[in-house]
Amino acid sequence: MDTQTTPLLSVRNLKTYFYLDEGTVKAVDGVSFDVYSGQVLGIVGESGCGKSVTIKSVLRIVEKPGRIVDGAMLFRPQKKNGRGGSGESDDFIDLVKLNAHGKQLRSIRGAEIALIPQEPMAAFSPVYTVGNQIIEAILLHQDVNKQEARQMAIERLHEVGIPSPERRINAYSWELSGGLRQRAMIAMALSCNPRLLIADEPTTAIDVTTQAQVLNLLRSLQQQHGTSIIFITHDLGVIAQMAAYVIVMYLGSVMETGPVDDIFHNPQHPYTKALLKSIPSVQSQSRTFLPTIEGSIPHPFNRPSGCSFHPRCLEFMPNVCNRRTPSLQPVNDRQSASCFLYHDAAEED
Amino acid sequence: MDTTVKNNQALLEVKNLQKFFPIRKGFFRRVVGQIRAVDDVSFYINEGETLGLVGESGCGKTTTARCILRALKPTGGQIFFRAQAGQIVDVAMLSRDEMRPLRREMQMIFQDPFASLNPRMNLFDIVGEPLLVNGVKSRQERTERVAELLRLVGLPPEYMQRFPHAFSGGQRQRIVIARALALHPRLVVADEPVSALDVSVQAQALNLLLELQQELHLTYLFVAHDLSVVKHITDRVAVMYVGKLVETAPTEELFYQPRHPYTAALMSAVPVADPRVRSQMIPLQGDVPSPANPPSGCYFHPRCSYAIDICQTKAPTLKGLSPNHFVSCHQAELELAGIGQADSNQRN
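In the order they appear, the protein sequences are chains H and S.
Heads up, the first sequence is in numbering that gives the first Met the number 0, so the first residue is 0 and it goes up one at a time.
Heads up, the second sequence is in numbering that gives the first Met the number 0, so the first residue is 0 and it goes up one at a time.
The set of hints was computed from the structure by calculation and includes no laboratory data.
Just so you know, not all the hints are guaranteed correct.
As the list claims (entries may be wrong) - With the Cβ distance kept under 8 Å, some of the chain S side facing chain H (calculated, not the full set): (1) E12; (2) D197; (3) H224; (4) L226; (5) A268; (6) S278; (7) P288; (8) N292.
Heads up, the beta-carbon is just placed ideally off N, CA and C, and yes, glycines get one too.
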């Protein structure tokens, strides 16, 4: 396998803005991160923090008035040496520079970078069978005939733990229960052996016991195939259990990054600290008042000046945080935070 | 909070509640089956207490809540409510007119604050409507009460003329809470009140609910699927599975010493927000059965790792292990691991 030195995907200073009549929404404003082979990267944040737009940008499926205005997304694709070749090329492709509808990007999307969407009910077409849709994906990206593709689809369904896959391949998505539907979705995402799997809140629409099944499945598939996963969720519990490395986002910017253990046990950014304190935990004392984060998430049109978290921040420094925007800087040898508590405002331009 | 034994303090007592929905088919809409959404559910809530009703989607927890508020007419069973005047009324069989005076005593907080506020009414109309309906005709009086309610939930009364679209999710939920409190209810049924809110706002809403309970001596029936939230806010918890009540116990006891295998599985499935504690995640095979076609015997037996022969044939009944811990399982004497014991998980 490959070393941790060169990332599989390197997102640098990504900016995705939405140009609406009412103004510009800076949904993603200067986000950078790296995904390494075989790593589970968790992106955690509340609604409107830009986590979904970030991954839509990676897949180049940002809807119209939205546009990637700046940044680079360097992806290391597989060497094209026929079927089953797993060699890696050393050249990076900048996904930002590719034509979103072009041939090259389409050969990457679905084949090398696959998505598990949030709502499997909405993601599967109700008028085609599940098998039909998985086979379509396989035929699009792999050099096999229909019969082989069907066999592969059945294998995939079997792999994700769907009982009697020979029968279920002919089922429509609405005939399956929530858990099975999400499993079928995972089977479809894995159908072309992607190197990077993006899971966008894959378990928010399902119940806890089913969630546990799906998380266990994703974990074991990840270990088997060594797939890299970008795991997006607002659930800190899921992040703690799944991710190795965590990115905390707030209003389109990265607030803090670090290994999962440090993020949960030694958070640096005031937002991460406050967020961790404010969640009711099954282990905490019942019926006590929780420390809260004052106020609510600002509307994207009136984003606060300076650090976007400063109106809610407990460690707000007047004339600093509201004037200047901090950038993501290393705090210690493992974590980085974008906060003036850790680096001098004067150093910023 | 008082979590003592069931006593005459019970504000609400539900006995053998049933709600079946008919399955109709064909031209004559003939009834071909029943969906047993709520089947023989019994519990009580003491005054000033919070009872959590938990379970997975489709287990009948919302239907139970709706039956209590008589948004649905129960198929069978009794719902005893101790009215303000002191008399105990069986709400289950009351007619619409008989129900009306009781409605002000039991109110509901809905799940989705984006769907439960009329976008064309301003805050004064929304929060003031229950007052108007219940005979507060003077506009002056209503304005004062609405202002008081808005202050109570932490919103500036100056917002009274604004419309819901101007508010964030958390603020909207405060409006929903203000409306529910307009008539000084004694029982508040909260159906997933925080699940539509963002993590950072959830804590505010939970604090508000706790604060209001202390201030106004409210009794909550708290319906939720998020077990961390339930653990945080409730005194006692009732767990439902496919329309049946499987276990009810004081919160701490239920979370740390669950006695029903389903409760234990549910607890183990909660992802703990601590990377150092690996959630055990007792894997449950298969899916939740349909309440239209439940398995024989104990509904949980096909997925239960402790199932024995009797579980397939005989449905267990709710039995008391202690005065306030009830479980519906043939093997209730088993010691099961609760939450957060993933590291030292041992099964007897």
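Hint check:
{"no.": "1", "hint": "E12", "in the structure": "violated (23 Å)"}
{"no.": "2", "hint": "D197", "in the structure": "holds (4 Å)"}
{"no.": "3", "hint": "H224", "in the structure": "holds (7 Å)"}
{"no.": "4", "hint": "L226", "in the structure": "holds (6 Å)"}
{"no.": "5", "hint": "A268", "in the structure": "holds (4 Å)"}
{"no.": "6", "hint": "S278", "in the structure": "holds (6 Å)"}
{"no.": "7", "hint": "P288", "in the structure": "violated (10 Å)"}
{"no.": "8", "hint": "N292", "in the structure": "violated (13 Å)"}
In summary, the structure is inconsistent with hints 1, 7 and 8 from the numbered list given earlier, while agreeing with the others.
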